[in-house]
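Modelling step: build the complete structure from the supplied sequences, incorporating the hints.
There are 2 protein chains.
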Amino acid sequence: MLNFEFKNPVKIIFGKGQIAKIAQEIPADARVLLLYGGGSIKSNGIYDQVMSALTGFDVTVFGGIPANPEYEVLLRALNVIKSNHITYLLAVGGGSVIDGTKFLSAAALYQGEEPWDILKNKIRTDKGMPFGTVLTLPATGSEMNSGAVITRAATQEKLGMGGPGLFPEFSILDPLVVKSVPQRQLANGITDAFTHVLEQYMTYPAQAFLQDRFAESIMQTLVEIAPRIQKDPADYEAAANFMWCCTMALNGLIQKGVPTDWSVHAIGHELTANFGIDHARTLAIIVPVHYRYNFETKKEKLAQYAERIWGIKEGTPEQKAEQAIIRTESFFHSLGIDTKLSKYTDDYQGTAEQIEARFIERGWLGLGEHKTIKPDDVRKIVQLSY
Amino acid sequence: MLNFEFKNPVKIIFGKGQIAKIAQEIPADARVLLLYGGGSIKSNGIYDQVMSALTGFDVTVFGGIPANPEYEVLLRALNVIKSNHITYLLAVGGGSVIDGTKFLSAAALYQGEEPWDILKNKIRTDKGMPFGTVLTLPATGSEMNSGAVITRAATQEKLGMGGPGLFPEFSILDPLVVKSVPQRQLANGITDAFTHVLEQYMTYPAQAFLQDRFAESIMQTLVEIAPRIQKDPADYEAAANFMWCCTMALNGLIQKGVPTDWSVHAIGHELTANFGIDHARTLAIIVPVHYRYNFETKKEKLAQYAERIWGIKEGTPEQKAEQAIIRTESFFHSLGIDTKLSKYTDDYQGTAEQIEARFIERGWLGLGEHKTIKPDDVRKIVQLSY
Numbered sequence: 001m002l003n004f005e006f007k008n009p010v011k012i013i014f015g016k017g018q019i020a021k022i023a024q025e026i027p028a029d030a031r032v033l034l035l036y037g038g039g040s041i042k043s044n045g046i047y048d049q050v051m052s053a054l055t056g057f058d059v060t061v062f063g064g065i066p067a068n069p070e071y072e073v074l075l076r077a078l079n080v081i082k083s084n085h086i087t088y089l090l091a092v093g094g095g096s097v098i099d100g101t102k103f104l105s106a107a108a109l110y111q112g113e114e115p116w117d118i119l120k121n122k123i124r125t126d127k128g129m130p131f132g133t134v135l136t137l138p139a140t141g142s143e144m145n146s147g148a149v150i151t152r153a154a155t156q157e158k159l160g161m162g163g164p165g166l167f168p169e170f171s172i173l174d175p176l177v178v179k180s181v182p183q184r185q186l187a188n189g190i191t192d193a194f195t196h197v198l199e200q201y202m203t204y205p206a207q208a209f210l211q212d213r214f215a216e217s218i219m220q221t222l223v224e225i226a227p228r229i230q231k232d233p234a235d236y237e238a239a240a241n242f243m244w245c246c247t248m249a250l251n252g253l254i255q256k257g258v259p260t261d262w263s264v265h266a267i268g269h270e271l272t273a274n275f276g277i278d279h280a281r282t283l284a285i286i287v288p289v290h291y292r293y294n295f296e297t298k299k300e301k302l303a304q305y306a307e308r309i310w311g312i313k314e315g316t317p318e319q320k321a322e323q324a325i326i327r328t329e330s331f332f333h334s335l336g337i338d339t340k341l342s343k344y345t346d347d348y349q350g351t352a353e354q355i356e357a358r359f360i361e362r363g364w365l366g367l368g369e370h371k372t373i374k375p376d377d378v379r380k381i382v383q384l385s386y
Numbered sequence: 001m002l003n004f005e006f007k008n009p010v011k012i013i014f015g016k017g018q019i020a021k022i023a024q025e026i027p028a029d030a031r032v033l034l035l036y037g038g039g040s041i042k043s044n045g046i047y048d049q050v051m052s053a054l055t056g057f058d059v060t061v062f063g064g065i066p067a068n069p070e071y072e073v074l075l076r077a078l079n080v081i082k083s084n085h086i087t088y089l090l091a092v093g094g095g096s097v098i099d100g101t102k103f104l105s106a107a108a109l110y111q112g113e114e115p116w117d118i119l120k121n122k123i124r125t126d127k128g129m130p131f132g133t134v135l136t137l138p139a140t141g142s143e144m145n146s147g148a149v150i151t152r153a154a155t156q157e158k159l160g161m162g163g164p165g166l167f168p169e170f171s172i173l174d175p176l177v178v179k180s181v182p183q184r185q186l187a188n189g190i191t192d193a194f195t196h197v198l199e200q201y202m203t204y205p206a207q208a209f210l211q212d213r214f215a216e217s218i219m220q221t222l223v224e225i226a227p228r229i230q231k232d233p234a235d236y237e238a239a240a241n242f243m244w245c246c247t248m249a250l251n252g253l254i255q256k257g258v259p260t261d262w263s264v265h266a267i268g269h270e271l272t273a274n275f276g277i278d279h280a281r282t283l284a285i286i287v288p289v290h291y292r293y294n295f296e297t298k299k300e301k302l303a304q305y306a307e308r309i310w311g312i313k314e315g316t317p318e319q320k321a322e323q324a325i326i327r328t329e330s331f332f333h334s335l336g337i338d339t340k341l342s343k344y345t346d347d348y349q350g351t352a353e354q355i356e357a358r359f360i361e362r363g364w365l366g367l368g369e370h371k372t373i374k375p376d377d378v379r380k381i382v383q384l385s386y
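Top to bottom, those sequences are chains S and U.
Here the first sequence stands for residues 1 to 386, where the numbers follow this note's numbering.
Here the second sequence stands for residues 1 to 386, where the numbers follow this note's numbering.
If you're looking for bench data, these hints aren't it; they were derived computationally from the structure.
One thing to keep in mind: the hints can contain errors.
If several chains are the same, the list does not tell them apart, and a pair holds so long as it fits within one copy or across any two.
List time: in silico DSSO-like cross-link candidates among lysine-lysine, alpha-carbon distance up to 30 Å [stated by the list, open to error]:
1) Lys122 - Lys158
2) Lys299 - Lys343
3) Lys7 - Lys127
4) Lys179 - Lys11
5) Lys11 - Lys21
6) Lys16 - Lys82
7) Lys179 - Lys374
8) Lys371 - Lys16
9) Lys320 - Lys374
10) Lys127 - Lys158
11) Lys82 - Lys371
12) Lys7 - Lys340
13) Lys120 - Lys299
14) Lys340 - Lys231
15) Lys21 - Lys371
So this is what it looks like as structure tokens:
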């Protein structure tokens, strides 16, 4: 087991009918900015529940934060924060709204000239404007971590930020929201959370037995509840397990003491940038080919995963590992998610070389748990995904 | 899944050689009181490491906090805190030292006349004197929760306390300490942590699939590493997993969203009070008979536990459940822990009636996850343990 530090101070308020508890968590004298995305919260009743909970508070509303939260939109929200002397932020949405709110939390107290510098110069935020979240879309885990990814269309950049000051003070997770999430986004959410776990698990054995089993617990639960979620998103018990799995998949716990990979995300982001493919679907495209290409370094964990998640008990470790990759592809297919790039675009030729060139340009010369995956390897991995 | 709230802000600093990091966690101008227990930290080198890390700090030392931390001793420490204008507490020890330090954290800022009232009147502590811990004995999980149990010999009382102000600010978990822990205490620690998990798991199915699997992960890991720990406490990887299991077993996570029992602890405490039997050993005495006596209400979870922890795949659910109890007893035996009261004392006759009478007197009329275990049942359970 590797040395680690772990601290996660987010207060989780989980369950049916918990949205009303917002009022207990926000200071009575706060000047609140409620942030949301595309407006689905107005049709599914969440907006009304939140506004009802905020009766008596000084509330300003800012909607329209897009998927892959966009810097120019967030700058408009930042102006509202400053001109209205906002003191507390409330994100009501999925990962994009929450990530955008984290940026605003940092930018609101940032002393520099240009808030983009927080991302460009990798400035960690030790203290941000306090904020809470009401999660409406289980997937990213942003509701219980201190990281965010922000996009700037003008310069084609998509950069990460974070810091101990960017944990939500509270997050309300009401699984009743799941029933109003479109099937496509549910499939994406399951895939996103599953791949988050894989990135922190599918490396090499590090004798972190408990962390391995926690990671496997999340994957097993996702595999178990996926058919129930697909059949009936109003299945409360399945929804509750789905929601808690997504949170636990990326709240820091399972990555502590173990090596992590994150190559799948690094490569997948490029497919979103090129073709606008949903983030989760890019992960499903890269996972199988990444594991096939790096089979030798990952085969021990692949075999363990084969046995414990997919119940594959027969064969050599290599045969189990290969079977596990096939079962993972089948799992994504069962969610209605294709795992070949050519299923998403006819224009894929040259993508691999383009991504290779970008990685060279950025100096990303060694990815993965061993930092040995070179741009040349990345090209070959992407080619395998066609 | 039941509704729940979860917040645990403890900063865990885990791994080899981490004790030196104390200095980064305590304010430079703090007036520190270092608290410890029986003095083993002086022979195993921990004391020297801690004092070295505290070079330059204003440090007062208070040793001699006994197992089952005793109120009269703690009052003497409280006097030191007040007379020396202490501002920060540092517990260096196991659960007893940490629990005692939590009491002092609360008592130091308590405005009332008699600090015992915090326990007697169940006063929750929202703000205590800040404190950190250096864990020297994995077992209780106190290093990452906000609860404590304090004993008052004069009145034969043993009461619990807690509150959101009683989380350690940080806890340093260095698995290298395990090699200097006596075998008896290692066996106790494994049993204590294992039973903590059972109390939060062995109830009835609540469709909390992820929590079940997390609980099973801890038990599986403890079963897996127990022989390694016994064979060689200097086996760092086994020690690291043991330590992290003990912390995760009682930091609040696995109890969220599920029913819990805690009858084993309620009954076991009485055996410690009567006979001075080690806490963990009282749990091992009560677990099997409690599960046999309440077989009907627990058999579904017992059967799940049989399959997932002990690999019992054959037989009816009842047969699996019965086998699982036998395997649990064997596990305790493998640690050198007897599971019959008569193995610890010849003076056991009348114990069951005495505990029944105490429970009636205290108004403990319904224990367990269904609140249906009456004092009459408790008597029968204890009788089965003879």
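Here's how the hints hold up against the structure:
1. Lys122 - Lys158: Classified as within; 13 Å inside a copy, 52 Å across copies.
2. Lys299 - Lys343: within (28 Å within a copy, 49 Å between copies)
3. Lys7 - Lys127: Both. Shortest intra-copy (15 Å) and inter-copy (19 Å) distances satisfy the 30 Å Cα cut-off.
4. Lys179 - Lys11: within (24 Å within a copy, 36 Å between copies)
5. Lys11 - Lys21: This pair counts as both: shortest intra-copy Cα distance 12 Å, inter-copy 26 Å.
6. Lys16 - Lys82: neither (35 Å within a copy, 46 Å between copies)
7. Lys179 - Lys374: neither (43 Å within a copy, 42 Å between copies)
8. Lys371 - Lys16: between (44 Å within a copy, 24 Å between copies)
9. Lys320 - Lys374: within (27 Å within a copy, 51 Å between copies)
10. Lys127 - Lys158: Classified as within; 23 Å inside a copy, 41 Å across copies.
11. Lys82 - Lys371: Neither: 43 Å inside a chain and 54 Å across chains, both beyond 30 Å.
12. Lys7 - Lys340: This pair counts as neither: shortest intra-copy Cα distance 38 Å, inter-copy 41 Å.
13. Lys120 - Lys299: Close neither inside one copy (37 Å) nor across copies (57 Å); limit 30 Å.
14. Lys340 - Lys231: within (25 Å within a copy, 50 Å between copies)
15. Lys21 - Lys371: So Lys21 and Lys371 pass the 30 Å test across copies only (28 Å; inside, 45 Å).
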